[in-house]
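**Q** Residue numbers (the working numbering), protein chains in the order written: chain P, -18 to 325; chain Y, -18 to 325; chain X, -18 to 325; chain G, -18 to 325.
Mixed in with the good hints there might be a few duds.
Since copy identity is lost for identical chains, a pair holds within one copy or between any two.
What the hints assert, rightly or not - Computed list of lysine to any residue pairs in SDA-like fashion (alpha-carbon distance at most 20 Å, straight line): (1) LYS105 - ARG137; (2) LYS105 - ARG299; (3) LYS23 - LYS281; (4) LYS174 - PRO(-6); (5) LYS105 - ALA294; (6) LYS23 - ALA312; (7) LYS99 - ARG18; (8) LYS174 - ARG163.
These are computed hints drawn from the structure, not numbers from a lab.
Number of protein chains: 4
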Amino acid sequence: MNFASDNTAGVAPQIMAALARANEGFALGYGNDDVTRRVERKFCDLFERDVAVFLVPTGTGANALALAHVTPPWGAVLCHQNAHIAVDECGAPEFFGGGIKLVELPGDNGKLTADTLKARLGNKASWGPPHHVTPAAVSISQASEAGTIYRVAEIRALAELAHAHGATLHMDGARFGNALARLNVSAADMTWKAGVDVLSFGATKGGAMGAEAVIFFDPERADGMSARRKRGGALLSKHRFIAAQMEAFLDGDLWLRLARHANAMADRLGDGLAQAGFTPVWPVEANEVFAALPAALCDKLQAAGAMFYRWDADASGRVIVRLVTSFQTTAEEVERFVALAKAG
Amino acid sequence: MNFASDNTAGVAPQIMAALARANEGFALGYGNDDVTRRVERKFCDLFERDVAVFLVPTGTGANALALAHVTPPWGAVLCHQNAHIAVDECGAPEFFGGGIKLVELPGDNGKLTADTLKARLGNKASWGPPHHVTPAAVSISQASEAGTIYRVAEIRALAELAHAHGATLHMDGARFGNALARLNVSAADMTWKAGVDVLSFGATKGGAMGAEAVIFFDPERADGMSARRKRGGALLSKHRFIAAQMEAFLDGDLWLRLARHANAMADRLGDGLAQAGFTPVWPVEANEVFAALPAALCDKLQAAGAMFYRWDADASGRVIVRLVTSFQTTAEEVERFVALAKAG
Amino acid sequence: MNFASDNTAGVAPQIMAALARANEGFALGYGNDDVTRRVERKFCDLFERDVAVFLVPTGTGANALALAHVTPPWGAVLCHQNAHIAVDECGAPEFFGGGIKLVELPGDNGKLTADTLKARLGNKASWGPPHHVTPAAVSISQASEAGTIYRVAEIRALAELAHAHGATLHMDGARFGNALARLNVSAADMTWKAGVDVLSFGATKGGAMGAEAVIFFDPERADGMSARRKRGGALLSKHRFIAAQMEAFLDGDLWLRLARHANAMADRLGDGLAQAGFTPVWPVEANEVFAALPAALCDKLQAAGAMFYRWDADASGRVIVRLVTSFQTTAEEVERFVALAKAG
Amino acid sequence: MNFASDNTAGVAPQIMAALARANEGFALGYGNDDVTRRVERKFCDLFERDVAVFLVPTGTGANALALAHVTPPWGAVLCHQNAHIAVDECGAPEFFGGGIKLVELPGDNGKLTADTLKARLGNKASWGPPHHVTPAAVSISQASEAGTIYRVAEIRALAELAHAHGATLHMDGARFGNALARLNVSAADMTWKAGVDVLSFGATKGGAMGAEAVIFFDPERADGMSARRKRGGALLSKHRFIAAQMEAFLDGDLWLRLARHANAMADRLGDGLAQAGFTPVWPVEANEVFAALPAALCDKLQAAGAMFYRWDADASGRVIVRLVTSFQTTAEEVERFVALAKAG
């Protein structure tokens, strides 16, 4: 019953197999290898256009490098106040960006709304040189930290606002697969066709060992990124192994199959908890379930071996727990957890 | 005949096996796992003292994070003019250090000498606030970029100079194993007992997939490094896998056995070239051989499938080539290369 | 009727005279002159203890250098959401601090309260490595951007909270004189005796040409600041002239006399507006008056030559204007403005 | 006999008078004043084209802001090894540039030569991503730290090389007036017509209190500089006073008259020393004289009240002293110094 994080899962067997295959013979380092070339083509196919691809070993690195690349040091990145970049990356975007500022906005269900963004961007007195920072990027997480997802129309509305103010739209896709698996659209639809300019495409949480990609939908905007990644310590020398992970992840839509399983487990968990009287506090749209449980029940569940984080407290003093499923989660685990919850 | 880099080699089978073992079940992310604890203990055992250990995926990241941690932004890092940190990391130390300055010094055989360092540190008019940067660190590469190694007494002399001027001694140990395998001393002897304060311990070139460690010999000096690593994008989420690589690398002295093989191949290559009339331009002390070859011979070797970099040109117009061996290099490859060289 | 800013005022005649006196003969640059030594002693006298003093030409520079010096790059500076450092310095603290994060908190009357600070600091799950930034400094503005001032007990309460969490208390004293002139306490009482660790002491708004001081109450904490100031471009070469400004400002309590005049003009303006039916929206405690005026009245006042900024809008659609007085403001200007306001 | 630095001089009386005039009445801050507008026009007239002008209080700030603006963080600035930016600014360019790298080149008489630059830029293996920094700017000092000046043809040759490699040509003109006064050319000839892209135009050493200007000859390249200056702490609030200094400096060619005087005093000093047997070690072309004196003579001169820096030692053990003249230097001082030197 490990619901602590999708990071607690291991590596999908297909990806382990790909690593073993990549280990045959010699290959030039730093991305000058065949696997890397194939992965680049795969991303172009996936997104139905030429894209520039930079593989990096961590999601924090992907986000920070991407944001630094599209934001001058005096720029602001507008994001949800609970965004991973704002809360969980120890200031990486600020560091990589040379002192950029994150402007954190509220929003129900972990999502930024066009109305909130519009109001903030429209407050012209608070923007612009010499005294104020300049809006340079809007960053959204798909899926969000609350396990919810943006619909294409929502993304488009945010993109239009960002672009109208000269800002770039960045998508933190650490759980991109979980989001896409839920929507009946293409990867292109959910990104550049809706106005996303740069994407952190995550594979690690989805089943890789440590592989993320920064994708620029306009390859010209990637100019200089090769140097930025290297000096950021994020260019792997034996690059074929990160490429092999990503290749296997994308191959035959493995990533979407893994994501659908994780999502299905989250649905099952959410439904079960609802039946137990603990309706999730936010819509279950990806692979995360947030539920308000009595503290005693939390203790009991953890005593029984369940692993999860206590996220927050609600107004009535109950604990809001975060339950994350992964490609490795089994229906048995879910059922056992639900049964314990029902028993109260 | 791949002598392009030790990065072109793959991953040692023992390390691949360790990755497979680490892939069983769930484990908390970000280093909160058992394998990471074991690796930390292994490093303490190896160095015969308590050390603070931070695993990171790249050597550039290890060096840049280490140097940034011991150098204020107005500090200088004195190093050899051909050092990897000065030449090959695209300014990573400068970036991570908030604009530190690398002071690059000459030195035969790729090594910094105590005399040169003493003269530079002793030029007091060029140091100190408000107008000048302050010597904050001395960085040496063991083995050096020229494939040579510092003897313990040399390290000690440099350490004493550094410390006398208030500077920290950093060792870039991307090829630490190759160096140690050559000297009849312990890892402790070659580091903290000789005055090294912080070490970038490399495993990637030695046979891992992507695993380096920053080692602080005084754990108190590591205060804050956890945050620095995370915001540097260098904290892996599925951390057990980097730890598993390092554990297998250290286990049963695998790292030294792999290094001895690589070194032996370099010896054989150097001897063979010397017999062919191409005595290496620098002593062959680790796993690199530098030799001055006629351009026509270089062309012929490459046409025959040999891979290597043309490093420089000597005074007589011959090409100084760099030949790097690895744990994967075979005696057959070496012999074939030497035979071609002898044939001229 | 220039109420746009205290920056629109000129330089007090006593300070101009001091500049002329300082212009006699030669003096070593960069602070190695007699005037600088005298200013340092004056600050020690003023604060009744040894302090370290760094003169810099701008308030933004003073704040950014001070905060960068007490905050590691992964640190957070907690401040009021309307603080100058958060809103009006174009990200200078983030830049000088290597990517530090400003955590902006609400508070009535432009002031941070101990309750708000306590709640935020006490939310332990949101702080600390590796994932979260670390509270490193609390910054308060005395007087605040709303023209209000912290009482000594309020400062002490905030200092105790900051210190209890390992954070430094910084005071942005761009209008330090205006605040101190209002309280019946000493400069020491309002600063280090109440727990302030580092102060940006402003003279420019008070009547100098361009002179601010960073004051460390514990001189040992200033270690390295000399280099930081220089590489920040904030060390003046003909330093005697900034020192001369500060000396004249401090001499014979000129600064407090100038501040008292500015404050008195603000009082008069606030009282007059209250009589006209426009009671200031925040207490008038320093040299700023904020009042909600009908837009038509604003237009009329500006047409009549009054200069001021439209700060915000209140719930009923009236314009909240900011009116700043200075040492140069005359009672006649104030009366004329009030008369126009009364005429409606 | 103060030859320590042109920074030890005071402020020219015409500039003091201008400060007094600027002190009448109110003026908007931050450059929104009439004097600033006039200075901008004056610079356009001086350079015979539209230029973008940013006044800042220090030369270090001017250089660092200018270089940071034309260099990406992974860029290199090539300069003479004795350049002020490399030696005397405590790493300011590295800091403002987010970790840029200064590549320091040798050159006789303190000057960079086209041959040296060409050789370094032409070493293609050492440049470019991902591993190496990218040449982004070439910076020359006019006059140089050795008191020599570049002829227009020399500047043009360096500019052509820089531009051919995609790099910007920056001129550190802390002593721009001293250089221009010596050449029979216009300010335009010595800058943009010869290929200079961005200039740090100094007034402080020439006779101002603290006023420098960053000049972009292509105003479009200044985009974003307003924010960079502010967040660099270099935007003065009472900006009219820095503008007034610069206006008076430029007015009626005061700057050139002051520079001619300083140069003439240097000539006289150099000639006198040559007659005394101490021919200057570098050509006296601006307002600095470097001469090799016996240590005993140095002691005697300093005992007699002469102030100067001991710069270096020559091969025969004599002290190379730096003697700087300024607008304030008198013929009497020079003669007295020479007489002492002749007396030996």
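**Q** Of the hints given before, which are not true for this structure?
**A** Of the numbered hints given earlier, those the structure breaks are 1, 3, 4, 6 and 7, listed in rising order.
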